[in-house]
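Asks: Sequence:
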Amino acid sequence: MWDKLTGFIVDVRGEFGRVIWPTREELVNSTTVVVVFSIAFAVFIGIFDLILSYVRSLLIAL
Numbered sequence: 001m002w003d004k005l006t007g008f009i010v011d012v013r014g015e016f017g018r019v020i021w022p023t024r025e026e027l028v029n030s031t032t033v034v035v036v037f038s039i040a041f042a043v044f045i046g047i048f049d050l051i052l053s054y055v056r057s058l059l060i061a062l
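Sequence positions in the sequence shown follow my numbering and run 1 to 62.
It is worth saying that the hints were derived from the structure and are not from the lab.
Everything numeric in this text was worked out from a predicted model, so none of it was measured.
We treat Cβ as the ideally placed atom computed from N, Cα and C, and that holds for glycine.
Mixed in with the good hints there might be a few duds.
To be verified - Computed Cβ-Cβ distance ranges for the label pairs, DEER-style:
id: 1; residue 1: Leu52; residue 2: Arg18; range: 38 to 44 angstroms
id: 2; residue 1: Met1; residue 2: Ala40; range: 47 to 53 angstroms
id: 3; residue 1: Val36; residue 2: Met1; range: 45 to 51 angstroms
id: 4; residue 1: Thr31; residue 2: Tyr54; range: 30 to 36 angstroms
id: 5; residue 1: Leu62; residue 2: Pro22; range: 52 to 58 angstroms
id: 6; residue 1: Tyr54; residue 2: Gly17; range: 56 to 62 angstroms
id: 7; residue 1: Asn29; residue 2: Tyr54; range: 44 to 50 angstroms
id: 8; residue 1: Phe48; residue 2: Leu5; range: 26 to 32 angstroms
Generate the whole structure from the sequences, applying the supplied hints.
Replies: The following block contains the structure:
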């Protein structure tokens with residue numbers, strides 16, 4: 001059992017050495033894109049919700 005665990009840990013360490021980690025600039029750029037698109041999508045959903053609420057209130061008023 002310990003041999004398997006030790007082998008697994010050695011393999012994991014080896015894989016971490018082969019990973020190409022993003023640079024700080026790439027990380028900041030990716031994070032910025034995600035935040036901007038999340039905010040834009042939230043605004044879009046909010047406006048869409050307001051429009052649907054307004055249409056629903058018009059239909060109820062009939």
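Asks: Hints first: check each against the structure and report whether it holds.
Replies: Each hint, compared with the structure:
1. For the hinted restraint 38 to 44 angstroms between Leu52 and Arg18, the CB-CB distance of approximately 50 angstroms leaves it violated.
2. Checked against the hint of 47 to 53 angstroms, the pair Met1 and Ala40 passes, with Cβ atoms roughly 51 angstroms apart.
3. For the hinted restraint 45 to 51 angstroms between Val36 and Met1, the CB-CB distance of approximately 49 angstroms keeps it satisfied.
4. Hint check: Thr31 to Tyr54, Cβ distance near 35 angstroms, so the stated range 30 to 36 angstroms holds.
5. Between Leu62 and Pro22 the beta carbons are some 56 angstroms apart, a value that agrees with the proposed interval 52 to 58 angstroms.
6. The given range of 56 to 62 angstroms is respected by Tyr54 and Gly17, whose C-beta atoms sit roughly 57 angstroms from each other.
7. Taking the beta carbon of each, Asn29 and Tyr54 are about 38 angstroms apart, not inside 44 to 50 angstroms as hinted.
8. Checked against the given bound of 26 to 32 angstroms, the beta carbons of Phe48 and Leu5, roughly 52 angstroms apart, lie outside it.
Checked against the numbered hints above, the structure breaks hints 1, 7 and 8 and satisfies the rest.
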